[in-house]
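Protein chains: 2
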Amino acid sequence: MTSSLLGTSIIGYSRGSGSDVCGRGIHQAAGAPLEPDYVSATTEEMNRAVELAAAAFPEYSALPGKVRAGFLRAIAAEIEGVAEDLASRGPLETGLPEARLRGETGRTTGQLRLFASLLEEGSWVDARIEHAQPDRAPVPKPDVRSMLRPLGPVAVFCASNFPLAFSVAGGDTASALAAGCPVVVIAHASHPGLAEIVGAAVMRAALATGMPEGVFSLLYGGGRSIGMSVVQHPVIQAVGFTGSRAGGTALMAAAANREQPIPVYAEMSSVNPVVILPGALARGEVALAEAFFGSLTLGVGQFCTNPGLVFLPEGTGAEFLGKLKSLVEAGSPGTMLNGSICRAFADEVEAFASTEGVETIARCATPAGPGQGAPAVFSVSLRRFLEADLLQGEMFGPAALIVRGSIVEIEAAIPELEGQLTATVHGTEAELAAHASLVAALQQRAGRLIFNAFPTGVEVCHSMVHGGPFPATSDGRSTSVGSMAIHRFVRPVAWQGFPDSCLPAELQEGNPLGIRRMVDGVNA
Amino acid sequence: MTSSLLGTSIIGYSRGSGSDVCGRGIHQAAGAPLEPDYVSATTEEMNRAVELAAAAFPEYSALPGKVRAGFLRAIAAEIEGVAEDLASRGPLETGLPEARLRGETGRTTGQLRLFASLLEEGSWVDARIEHAQPDRAPVPKPDVRSMLRPLGPVAVFCASNFPLAFSVAGGDTASALAAGCPVVVIAHASHPGLAEIVGAAVMRAALATGMPEGVFSLLYGGGRSIGMSVVQHPVIQAVGFTGSRAGGTALMAAAANREQPIPVYAEMSSVNPVVILPGALARGEVALAEAFFGSLTLGVGQFCTNPGLVFLPEGTGAEFLGKLKSLVEAGSPGTMLNGSICRAFADEVEAFASTEGVETIARCATPAGPGQGAPAVFSVSLRRFLEADLLQGEMFGPAALIVRGSIVEIEAAIPELEGQLTATVHGTEAELAAHASLVAALQQRAGRLIFNAFPTGVEVCHSMVHGGPFPATSDGRSTSVGSMAIHRFVRPVAWQGFPDSCLPAELQEGNPLGIRRMVDGVNA
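So the protein sequences, as listed, match chains A and B.
If you count the first sequence from 1, position 510 lands on 503 in the numbering used here, and the numbers rise without skipping.
If you count the second sequence from 1, position 289 lands on 282 in the numbering used here, and the numbers rise without skipping.
If you are wondering where the hints come from, they were derived from the structure by calculation, not from laboratory data.
Keep in mind that the hints are not guaranteed to be accurate.
Identical copies look the same in the list; a pair holds intra-copy or inter-copy alike.
Unchecked claim - Using 30 angstroms as the maximum straight-line C-alpha spacing, the simulated DSS-like pairs for lysine-lysine come out as follows:
#, residue 1, residue 2
1, Lys59, Lys134
2, Lys59, Lys318
3, Lys316, Lys134
4, Lys316, Lys59
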């Protein structure tokens, strides 16, 4: 399979050339580079990818939803056709186990098909019709009809921690293509081979379904320069990103400083607070510790929804902490996604450990080998937590901070937290009801509230919200997981006084697509 | 009535004090100041207004939609109770005729009641339910439910050109209050008396319906300092603004540079291109000129949707232009909203008139008196139009530029236009169909497409889109008119695994509110 990897960008229906090697995939467990060399897209290639996307937009955005759905289904089928390639290359490049890669392949094709089914059903466009009232006094009412339309070409950055489900053909790409937006993907340096395998699959699907050239391109490049150039290109109309806070805020600044500012959907950092109430401990401290440890160490802790911050009422939970200590000490270091994440995690853990007032509950007894991250749990008083800004930061890996205070203090501290993807409460139903104001405070800080479970494992469905107030994301009005993600790449457009024959099918009087619409204020 | 004006800010349920006079209303036609002096809110008052809004948010946002609807209806009733005061003070401060002020009062109360009815019906929250599948392999599916929830306290800036419908209790305030967001309004210096009359009405309505103090405040202040301080205050979560491009982009920059960036909905500038195809001329050039002149001069041309740019195929429309010339020459200067708008309009007209290649079609024969703006129409070749950036700018008043070129050239020029609120085509149905690519290009540049009518007169309804790509607005994904405006002030929140009793009513299993919901992917 490796012999079929070319190491070049995909520019519409052509492959890139150039000679500026930007890197290779790394066999993370062995620390050894993998074939082939990857070559940066040239400036001309970047411009051509973006201009092809702009040229493809009028045709692609005008395609019936069912035709775009066919393209998404073809991508899913092409990805399934290379599932073995992904399962063999993936574990090398990412350090993730093969089972995870296979699972993520299924999640990726599942997302593509979820959006395909949304397009096939068709009601997502929020079609609204208000009929004319020519005799209305003092002025006649015009016929006005509206629906959601795509923004234009979108730049998508691959994520290191979801090399398939949030990379080349992941959630951002699927939702943007579904909306009717051509996509220019910027590959992540830590899994170039997976990117190429998936990118070639998308290109084959586009060709097979007759999509206009430029509906998809994939660019390799060193550092951030290629990506930043794409974001600054005038034809790009939105950006999807999953990664670090530094990377996300740099894209936000670049997008805001364009001559035409554009929206950036950056999913950045979250420590996903968990509040444990006494009733949850009463149900069984050992089981709770086991469940928490499982969530904390899943995927070597490299999920945006990793539960990195736990509020535990002071004077409770001795057995929970004891069990957690033994689990952490007996735990295993795991290979992390890439060297820079591994080094950053080690630094973050040491910074927490050496902060005044922070106590080490437990650290993994087995030392981390090269490229590995090892579990660790710390604790701190609530008062000290609120004083030390550093402790609100993320340890991106299998480490958590346990904050001790009274329940009253915990509730008072919630508004001091930064924006989060998730917030979790463990307790009884009666406690949840009794602490309604605590839950309301958590709601104001997060996109998803969880009761008696842990935040890892983000269900891909119509009701999922994987977003939250800054800095969890750049734009808390959106979700990057689930079918609502399509709303990031559209805007409403109204047609006034148009003859039926010149309206989009979604807005024609006879409702030829049979979609749900609001007609004269009534949901029909 | 004037004797009841206090000239002070409204801080929750108190009135402001302070002694720093920031100005008076001006009798625009006479150029004479009106009683009373208006006093700037102090920094302490500004902080108190914002902190009261934050304190009110948990209670206000948790009220049932029907209770918030009652508040909106009470505001509408209180405004109707002061309709005579508005009709007597308004024409003085704004230069607008009494009939316009009475019409705008009706539009304002109509908007409030439209949002009230939206809340009473309840389905706007986009409730989504996915039921748990505990037996699903390989992992169980959790119960996940989502709906839209308010962002938090919102800052609203009053508009000079809609002293009621986009000011203290206008569309931004109505949609934010409907969403569940407390509002801090910053008064516009050019109609302080109207602002106080309406602000006092809102305060009475809030008291009468038992709203938490801080759900509404109204601040006076000199220059931009008070407004900028509100936008920069950490508790403010969104901004609504209608005004100049300079003002809007300054707010965008301030919001982007906060520690937590927040969304700004600024409706700024638009020249609202109109394309006239030969079939429209064939139907009657004189009638077309009359309709265009009526739209151009409505409200002394001070509408965001004023048709300031007309593409007329070269070699056509002699009779249209002749009639337009006679209408403009015989037209009347009108009193403008305030002195600075009047001076800016005069400067913009002179800048157009003195641009190389611009020909004066007609100017009003009656010279503009103090504070007045007079109709003017210019023309230019399409080639020259594309060369001179200034000509894409707005003349905010009753003036337009007619651009002459072939239809092919006109279509090619559309993508060069900046983002617009509206784009209009006049022609036959056959022409509209034949020029589908021209219409598609206009769609990409505007929020509302109009056929055979003019863009002034923005219908307040469920399907209206009064928004458009930058710089027409700061965020083309939104509308400031119509019921979709509520979506600017909300974000989706998901509840996972929550017991029914702790869910919002909208998401409870039995659907106690009887709203439309999506259940397991099916619109029910």
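Hints versus structure:
| no. | hint | verdict |
| --- | --- | --- |
| 1 | Lys59 <-> Lys134 | between (33 angstroms within a copy, 28 angstroms between copies) |
| 2 | Lys59 <-> Lys318 | neither (54 angstroms within a copy, 51 angstroms between copies) |
| 3 | Lys316 <-> Lys134 | between (69 angstroms within a copy, 28 angstroms between copies) |
| 4 | Lys316 <-> Lys59 | neither (53 angstroms within a copy, 49 angstroms between copies) |
Figure legend: structure checked against the earlier numbered hints; hints not met, in rising order: 2, 4.
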